[in-house]
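K.L.:
When you get a sec, could you build the whole thing from the sequences and use the hints?
Protein chains in written order, with the numbering used here: chain A, 1 to 771; chain B, 772 to 1542.
These aren't lab readings, by the way, just hints derived from the structure by calculation.
Cβ coordinates follow ideal geometry from the N, Cα and C atoms, glycine included.
Fair warning: there could be bad hints in the mix.
Unchecked claim - Below, a list of computed lysine to any residue pairs in the SDA-like style, where the Cα atoms sit at most 20 Å apart:
#, chain 1, residue 1, chain 2, residue 2
1, B, 1164, A, 395
2, A, 393, B, 822
3, B, 794, B, 822
4, A, 416, B, 838
5, A, 393, B, 1365
6, A, 393, B, 1200
7, A, 416, B, 822
8, B, 1164, A, 429
Unchecked claim - Non-contacting residues of chain B with respect to chain A, defined by C-beta distances greater than 10 Å in every case (computed):
#, residue
9, 836
10, 1008
11, 1250
12, 1358
13, 1499
2 protein chains.
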Amino acid sequence: MALSDILNGGDWLIEETGFDPDKANFHETIFTVGNGYLGTRGTLEEGHRGELSGTYLAGVYDHNDSTVIDQVNAPDWLPLAVWVAGTRLDVQTCMVVEYRRALDLRQGVLYRTTLFEDSEGRRTRLESLRFASLADRHLCAIRLRIMAENHSSEVVVESALNGLRRNLDRLPVYTDHPSFHAEVKWQKWAKSRHMGEVDADISGGGIYLEMETLDTGHRLGYGARLATPVGAVRSRRRDYERVAESVTLQAGEGVPVTLDKTVAIFTSRDVAAGDLRTRCQQTAGQGFEDLLAANAEAWHAAWDACDVTVEGDSAATRAARFNIYHLLIAANPEDPRANIGAKSLSGEGYKGHVFWDTEIFMLPFYIYTQPETAKALLLYRYHTLDGARTNAKANGFAGAQYAWESADTGLETTPKWTADGKNRIWTGEEEIHVTADVAYGILTYVTATGDWDFMRDYGAEILFETSRFWASRLEHNAAEDRYELTRVIGPDEFHEHVDNNTFTNCMARWHLLETVAVYERLKAEGASEALPKQDEVAHWREMADAIHIPIDRKQHLIEQFSGYFAREDVPVTEWDENDMPRYPAGYDHFNMNDTMLVKQPDVIMLLYVLPDAFDDETKRANYAFYEPRTLHKSSLSPAIHAIMGIEVGDPAKALTYFNRSAFVDLADNQGNTQDGIHAASAGGTWQALVFGFGGFRVKDGRMTFKPWLPEGWSELAFKLHWRGKVLQVRVYRGSVEFMLAADAEMKEEILVFGQPETLTGGSAVSVPIPD
Amino acid sequence: MALSDILNGGDWLIEETGFDPDKANFHETIFTVGNGYLGTRGTLEEGHRGELSGTYLAGVYDHNDSTVIDQVNAPDWLPLAVWVAGTRLDVQTCMVVEYRRALDLRQGVLYRTTLFEDSEGRRTRLESLRFASLADRHLCAIRLRIMAENHSSEVVVESALNGLRRNLDRLPVYTDHPSFHAEVKWQKWAKSRHMGEVDADISGGGIYLEMETLDTGHRLGYGARLATPVGAVRSRRRDYERVAESVTLQAGEGVPVTLDKTVAIFTSRDVAAGDLRTRCQQTAGQGFEDLLAANAEAWHAAWDACDVTVEGDSAATRAARFNIYHLLIAANPEDPRANIGAKSLSGEGYKGHVFWDTEIFMLPFYIYTQPETAKALLLYRYHTLDGARTNAKANGFAGAQYAWESADTGLETTPKWTADGKNRIWTGEEEIHVTADVAYGILTYVTATGDWDFMRDYGAEILFETSRFWASRLEHNAAEDRYELTRVIGPDEFHEHVDNNTFTNCMARWHLLETVAVYERLKAEGASEALPKQDEVAHWREMADAIHIPIDRKQHLIEQFSGYFAREDVPVTEWDENDMPRYPAGYDHFNMNDTMLVKQPDVIMLLYVLPDAFDDETKRANYAFYEPRTLHKSSLSPAIHAIMGIEVGDPAKALTYFNRSAFVDLADNQGNTQDGIHAASAGGTWQALVFGFGGFRVKDGRMTFKPWLPEGWSELAFKLHWRGKVLQVRVYRGSVEFMLAADAEMKEEILVFGQPETLTGGSAVSVPIPD
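P.N.:
Next comes the structure, spelled out in C-alpha cells:
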C-alpha cells in the first residue's frame, strides 16, 4: 500500500507538482500543518537552500534584539534527512526526477513523494506523511518511506530537533544615516535570536531538547522518537542547541523501508517547567497509525461543523475549504491566552501580531461554527486587559485601549517605521477603532451564543474599561457642543491624521451605547459590586449622543472623515490581471493622503458591521460612491465588497471579489504569501460565502437571510451555530432550505427575505428565492 | 617628601576625613577626576563593597538591553590593589586607622592617604595621587606610595584593566503585573551589559585590553604600564574581559615604596580601530612626574580664564571653584560630537542624556570663559541634526525637533515611565521648548563671540530646520485667528498637557523672528543657495507675529499657561532645613497638576532668558507672584531665583538661593549626588555669581552690568570672554572695576548701571555702585 492511499480525493486536495525553487517559500506557507497550538510550515523534511522554515507556538513571543516583539521561530521538529551510500537526498545534491506534494484538507495531512537520482544513477523515492495532531495538540508525526528503485544500498536516516533558530527581522530603520544605531546593528549584530538551550538529553529511548526564550523565559520542550525496522543500527548525538538520532540500515532494491518520527511538544505555558522533560519523553513514541487515526477523527468532527460546499464550482469549494483549513489550524479552543496573528502560525509576516483582523474578519467564522474557539479568542482580550490599561495610560487616557498590534501582553507593539526606514507608521497611535472592534467581537459572540455568563464574568469588565477610554479620548468641541475624535486613522489607511472618521466615531458611539445596555441588564440582575457608578454611565450615554456623526440624511452620502469630499478625486484608469485597480500613475501607498482614493472599505465597512444603523438607500448611495474609489490594497477589502455588492443589489462583481478573496493565497495574488497566510482574508472568504451569497445577517438579535447565488452555482451549503443549536443551510437557485438537527429546538423565528419562519428539529423548511 | 606636598591650599581643596560607607558613593561623585574626554568616579583604587565605580567616555553610548540608551560604564582603569603578607589592604579586610582624601581643584588631582592595620597588627599606609590629564586627554595616572610602618613584609601589587562592567538599570517597568516582560526580564535577565572583549595583550611591556560596545560598535582600547622599583618580580595574566599585571616586592619597615600606573585610552571614535592597540601601548608608560607637571600647567591655564573668587566668603569661593571644576572636566573642546549629560561624566543618573541643561544652564559659562568648548557643544547639536529631523518626522512634523533627552544620535531617548513603572513621563513628547533652547544657545554664542562663521556654516541650518518644526507644530486657532501650542510641558514640569505655555510660546516666537533676522543677514551677504525660499521666511514671520502670548500689559502678570490662574492656590506652609519649601501635605511630584504650585521657574525663567522683552514692572510683578509658589524641586531653580531676585530689587533671599545652588552637591542637598554631579546647577551657580551678583546681561548686543554684593562679601572677581577679548571684572562694595588686557581693544561701550563706559587695554575703569 502506498502512503498516498490514505488521501481523500475530490475537492479536498491542494497539490504541488514539480519542485520550483522560486515558489518553494510560497508552498511552505500554504502547506503549513498545525492545530492552533502550533503551526509548522511546509518545508521539506530534509530542508533546502533558501527555505523559510518555521514552527510557531501560539502565545510564545520574545523581544530580545528584534525591532518589535516576535512570535518566536521555535525549535524545528521536522528534520529528517536520508543519505544513500553517503549521498544526501535533497534538491541541491540530487536530481529531482519526480516530485509531488498534496495537502489533504480533510484530515490535515501533508503528503510528499520525491524520486531522487544521485550522480551514480541511483534512484531512490522518498514518501512522507506529516501532520500536527488535532486530537492531541502536543503531538506531531512524520512517516517516511524510502524505496531504493534501482539499487541496494546502505541508508542513513537522521532525525533531529533543532533549536538553533532565528527570526527574520527586516531591519534596518534609518538606513539613510550612517550614525544611527540600527544601521550599525544591522551590519554587525543583525540577528533576532530568541532562545538559549537549557536542557538536552539523548540517554533515553529518544532525543530531548529544551530551549528557553530570552526575554519572556518560556521553556520549550521537544521530545522525539524514531521507530525503525528491526536491525537498524542507532546512534545519537547532542550538538549545541541541537540533538539528533541516526539509524543505519540496508535498503534492498524494490523493498520499501518505513520509519516513523513522533514528536511531543510542551512548554512552560502548559505544564510546570520541571515536568517538561518527563512529559515530552513519555508522550513521544506513540504508534503512528493510532495517531493518524485519532487525528483524522478529530478533523472529521471539525469539518462536520464548518464545511462549506459549492455545487457547480469545484474550485470555489476547494478554495473555501483551503481558507477554512487555515482558520482551523490557527486557533486553539484550549488556550484562552493566545490569539491569531495576521499571518496565523504559518509565517513571520507581522511577527505574529494580533490586529482587528481577529474580531472583524475571523471571529464570525469561529462564533458560528466553533463557539468554544471564539470564546478562547475573546478571553485573550480579557487576559490582555492590563496591557490595554497600560496603553491607555501611556497615551494619556483613562481605562483600557487595545493595541493596534497586540502580542502576548496586550501592550502596543506596532513598529514606528516601515522596514526601509523611510515612512513613519501611524497606525499604533491613530487607528484607535480597534478598541471598538474588540467590543464588537464580544457583543457579536454573546448575541450569537447567548453566553451571558461570558459577558458577566469577562466581557462587561472589558466594555466598562474600554468605555472609560473613549470617554477620555473623545474631545469636546465647545463651539459646536459636540464630541469629536481628531487625528485618527480609519480602516482606510491611505488617510492619516484625519478628524472625525465616521467609521471610528460611529463605532465609538455604538460601543458606549452597547456598554450602557449591558450595564442596565447587569444592574437589573442585581450585580452591583463591580459596576461603574450611575453618574459615569449617564455620562457615557450623554457623550455617545453628542458624538459628531456627519451623515447627510437627505443626500445619503457619508463623508469618510471631515474634509474628505474636498480631496482630489483621482480616477482609477487601469486594472490588473485580476481585475483589481492599479495605483494611478505617480501614486503609491504613501502619497494618497490628498486624494479620495481609498485603500479598503471604510464607509462601506461601517455599513456592513452595523447593518441596523443605515437604511437601504444610504447603503446603495455609498456603495455606488466608494466602490469605484477603492483600490483593494488590503486582502481585507474584496470579501467585504462581495458581501455589500450583493446587499445593495449590485452583485455584478460579487464573484470576482469573492474569488479575489478566496484565492489570495492559493494564487498568491498579493505576492507575499511566502510571509504567511492572509488569515483575515480567509475569514473574509467564509463571510463572503455565508453573509454574502448566503445572505445571513443578525438584526435585532435575530437570524435573517437573503441569499443570492451567482451564475453557475447550483447549491451553496453551510452550517451555523446559534445559541447551542446547529442550523444547516442549503441555498439552491430557486429556494433556500433550513434544517435543524432532529433533537434541536429553536423558539425564535428566523427572517427569510423579511418573512418570519419557524424551524422544527429534524424537518427541513424550504423558502422560495424571489427573482 | 610626602605625596601631599604637591597639594594647593586655601580655597582649592575639597576634603574627606574618615571612611564612611554610607557616604562613599557621594564621595565617589564629588571626587570625580576627568577632562571632558573621560570622567572617572572617585572610587578607591582597591575598590570596596557597595562601590559605584565608573569611567565614562564622552559620546560612548550603547543601548543593548537597557531600558533607554546608556552612557556606557566603560572599562575601569583604576584597579590597583595591595596585599601585605597575603592580606589585601581594603576597608573590608583591614581596620582603617587613618583616612583622608583631598581633591585639589587647582590641578585636578585627587590625593588619598589611608593607614590600614591587619589582624596581625601590621600597619601599612597607602597614599596615592590620581588624575586624568588635561594636557593630553588620553592619559591617566596614579602614583601609589606604600609604607610599612611597623613591619617588613612581602608586598604584592596588582594593577588591572577591567572590562567586566555593567550599567545600572533601574528597571522594572510595569511591576504590578506579573505577565509583563519587563518584570520577567528584571528577575531573570537583569543586566545592562554594553561591551564584549575583542582584543587583549599581555605580551609587551604592559597590559592591553580592548572592548567593543554591543550595539554601537565602538572599540575602546586601554593600555597600562606599571613602573616599579628595581627588583620587583613581575607577572601578568589575562582573564575574561580583564587583564592584570602583578609585582611582588619586599617592603622594609619605614621605607616607602612608590609605583606609578600610567594608562592610555583611545577609542575608535578618535583613531582607526586597527591602530588602537599600537596607540595605547605606545602612549602609556610616560613618566609620572612629566605627566603631572603638564597636567598642572593645563589646569593653570584653564583656571586663569574662569576662576571666580569671593573675598570675605571662603566657603563661597571654594564652592564656586568646585562647581567650575566640574564644568571644566565635563566638556572637551576637541570633540564636536559629544555633549554634557545632566550628570556630566560623574555618574549614571539620567544615563548620560543631554537636556536643555546644556544650552540654558551650562553654556553661558563656556561661552564667556571657554568659547572653543562652547562651540564644540553647539557643533554636537549640528551633528545630531539628522536625529532631530527624524524626531520631527516620527512625531508627524516637518524640519528638526531636538530631543528632550538626547544621546549620541539626537534621537529622542526620554524613558516613558518612571523607574517604578507607576507614572508616565511626558517630557519626551511635550517639553518641546528644548528646540528653542538650542537656538537660544546658538544666538547667545554668536552674539558673545562674534563667530559669524559658525552661524553661516552650522547655526543657520539648525535655525532653518528648527523653524520648519515650529511652523508645522504651531496650530492655527481659526476662531481667534492666532497660533497656539497645545498639550505641552513648560519648564515647570508639575504641569503636563497644558496649552499655550507662555515660556514655550514666547521662545517659539523669538526663535522664528531671530531666524528671520539671520536669514536677512545671510541674504544680504549674498548667500542664497542653501537659504529657504522667501515665501517660507515670510510665513515664519507671520506665524511668529500671530503666536498667542497671553500677557496682560496692564496687570503685568503673565499667566504661565492657559487656565493656570484657575488652578488651586495651595499655600506653602513648611520649609526644610535649607529654607526650601516642602511639598504641602498630601502632595508630591505627580499630583500637582491642579495647583498653582510650580516646580521650578517658568514665567521667571522667561523673564531671565529674554531680558529685553519685558519691562521692570512686569519682572517685579511676576517675581512677586511666582517666587512664593515655587517649590524648587529641581536643582535648576535656586540659581535663577538668586539672579532674578537681585534684578527685581528683592535680593533678600539671593544669598540663600545662591548657597542652595552652590552647595547642592557639596552638601548633597538633593540626596542624590551619588548618581552624579548636578551639572546644570554648577552652571547655574556660575550664572548666579556673574549674572546675579555680577549683574551682567547682554542687551541689544552690548555688555551691561548692575552688580550687587551681599553682606559680608568684600570683593567678587571674575573674567568674561567677549568677542576675542578678556574682560576682568572686580566688584567691590562701593564700586566695580573693569580691566581689559594691555594689548586688547574694545570699540563698543559697555553699560554700567545704564551709563556707557569705554574700556582701554591695560587700564582699569572704576564705576561707583549707587546705593
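K.L.:
None of the hints should be skipped; say for each whether it holds.
P.N.:
Going down the list of hints, with the structure as the test:
no., hint, verdict
1, 1164(B) x 395(A), "holds (19 Å)"
2, 393(A) x 822(B), "violated (37 Å)"
3, 794(B) x 822(B), "holds (10 Å)"
4, 416(A) x 838(B), "holds (17 Å)"
5, 393(A) x 1365(B), "holds (18 Å)"
6, 393(A) x 1200(B), "holds (14 Å)"
7, 416(A) x 822(B), "violated (40 Å)"
8, 1164(B) x 429(A), "holds (14 Å)"
9, 836, "violated (8 Å)"
10, 1008, "holds (29 Å)"
11, 1250, "violated (7 Å)"
12, 1358, "holds (21 Å)"
13, 1499, "holds (42 Å)"
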